[in-house]
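Q: Chain by chain, the residues:
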Amino acid sequence: MRSQHTPRFEDVDVGFEPPPLVKGPLTTVHLMRWSAAMENWHRIHYDRSFAQEHDHLPDLLINGSFKQQFVLQFLKDWAGPQGWPWKSSFQFRAMNKVGETLTVWGRVTDKRALGRYGLVELDTGVVNEHGMESTPGRAVVALPYRDGPPLPYPFVPEA
Amino acid sequence: MPLLTPEILAYVGVSTQAEFACDPVEQGAVRRYAQAIMDDDPDYGPQTPASSPWGGPIAPPLFANHAVRRPLGAPDIVQERAGDPHFDGTGAPAGGLPPIGPLKGFAVLNGGAEFELFRYARHGERIQVTQRYAEITEKASSKGPMILVVVEAEFRTDQDELLLRARRTVIRRPA
Numbered sequence: 001m002r003s004q005h006t007p008r009f010e011d012v013d014v015g016f017e018p019p020p021l022v023k024g025p026l027t028t029v030h031l032m033r034w035s036a037a038m039e040n041w042h043r044i045h046y047d048r049s050f051a052q053e054h055d056h057l058p059d060l061l062i063n064g065s066f067k068q069q070f071v072l073q074f075l076k077d078w079a080g081p082q083g084w085p086w087k088s089s090f091q092f093r094a095m096n097k098v099g100e101t102l103t104v105w106g107r108v109t110d111k112r113a114l115g116r117y118g119l120v121e122l123d124t125g126v127v128n129e130h131g132m133e134s135t136p137g138r139a140v141v142a143l144p145y146r147d148g149p150p151l152p153y154p155f156v157p158e159a
Numbered sequence: 001m002p003l004l005t006p007e008i009l010a011y012v013g014v015s016t017q018a019e020f021a022c023d024p025v026e027q028g029a030v031r032r033y034a035q036a037i038m039d040d041d042p043d044y045g046p047q048t049p050a051s052s053p054w055g056g057p058i059a060p061p062l063f064a065n066h067a068v069r070r071p072l073g074a075p076d077i078v079q080e081r082a083g084d085p086h087f088d089g090t091g092a093p094a095g096g097l098p099p100i101g102p103l104k105g106f107a108v109l110n111g112g113a114e115f116e117l118f119r120y121a122r123h124g125e126r127i128q129v130t131q132r133y134a135e136i137t138e139k140a141s142s143k144g145p146m147i148l149v150v151v152e153a154e155f156r157t158d159q160d161e162l163l164l165r166a167r168r169t170v171i172r173r174p175a
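Protein chains in written order, with our numbering: chain D, 1 to 159; chain H, 1 to 175.
Think of the hints as simulated: they come from the structure by calculation, not from any bench.
Treat each hint with caution, since some may be false.
[What the hints assert, rightly or not] Using 20 Å as the maximum straight-line C-alpha spacing, the simulated SDA-like pairs for lysine to any residue come out as follows:
hint, chain 1, residue 1, chain 2, residue 2
1, D, Lys97, D, Asp47
2, H, Lys104, H, Phe87
3, D, Lys97, H, Ala175
4, D, Lys97, H, Ile171
5, D, Lys87, H, Arg119
6, H, Lys139, D, Lys87
7, H, Lys139, D, Met95
8, D, Lys111, D, Asp11
9, D, Lys97, H, Lys104
10, H, Lys139, D, Arg93
11, D, Lys87, H, Ala166
12, D, Lys87, H, Leu162
13, D, Lys87, H, Val150
14, H, Lys143, D, Gln52
15, D, Lys87, H, Lys143
16, H, Lys143, D, Gln91
17, D, Lys87, H, Phe118
18, H, Lys104, D, Trp41
19, D, Lys87, H, Glu116
20, H, Lys104, D, His54
21, D, Lys87, H, Thr169
Sequences and hints are given; from them, build the entire structure.
A: As structure tokens, then:
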């Protein structure tokens with residue numbers, strides 16, 4: 001759930017870790033519900049025999065598009081109503097199989113003070129219950145100053 | 001033998017005109033999407049006032065990325081290929097970029113993405129997208145060679161307000 005509190009740029013230090021976001025265990029029903037919500041019928045997410053026998057995958061796969069929703073939710077929830085999850089990038093380096101529980105994590109790696117607001121850079125990732133990282137990435141969240149103006153909305157990147 | 005051929009590389013730079021989602025951002029579709037990703041943010045609900053920071057009820061951050069669906073009357077690839085045991089269920093849901101012909105039958109995997117978010121789509125808005133094949137490269141992997149297809153997309157409202165930029169990497173490898 002989106003936090004009702006937006007952290008202020010000055011209050012976030014390098015090394016800080018926002019609260020992790022846990023999803024799962026993710027069953028075939030979860031995968032089917034997501035496939036239906038976005039009307040994407042890729043069989044490797046719900047047709048086990050196709051996934052294993054045709055595409056030679058170990059099992060049904062948790063959609064990359066599903067995982068990216070979780071990463072954006074993690075950033076949005078932490079940024080709160082007055083922050084902005086501006087950028088997020090990630091690679092799907094490893095497969096997550098049906099039945100796994102996923103945890104989205106982040107760690108602040110850098111801060112940049114701009115004129116009207118500040119930018120916080122984070123490393124992000126998605127690990128399963130065995131600690132396997134599948135989705136390493138980076139993100140940039142814009143935060144207001146303690147006594148500064150609200151962020152522009154729609155968001156306008158400062159040069 | 002390399003997978004990447006001049007015929008495949010010819011798709012780099014191919015782009016689409018602006019294509020509109022067949023439906024506006026609709027309350028029920030937002031609810032189903034939000035419930036599927038298990039994000040019960042109240043800002044997605046119809047009770048969100050126009051005085052909210054977002055100007056009214058909104059959709060989840062990446063909703064626009066999945067907004068272009070197959071309109072009524074468009075070709076139904078699921079039915080067309082119902083007798084094909086190799087059909088993996090994927091295919092352009094609407095107009096979109098042309099499929100890369102020489103890669104037909106290759107497995108499709110999501111390799112990653114970069115997103116730049118400018119604002120949320122609000123209920124009732126229509127979303128338009130332009131897309132472009134930005135890069136196509138070949139890479140070696142433990143499972144053999146594969147093709148990386150990078151697609152850039154820009155999502156705007158029907159009032160031409162920028163919502164989201166996306167840069168997606170699709171992995172194609174021989175099935």
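Q: Quick one: which hint numbers does this structure break? Sort them smallest to largest.
A: 6, 9, 15
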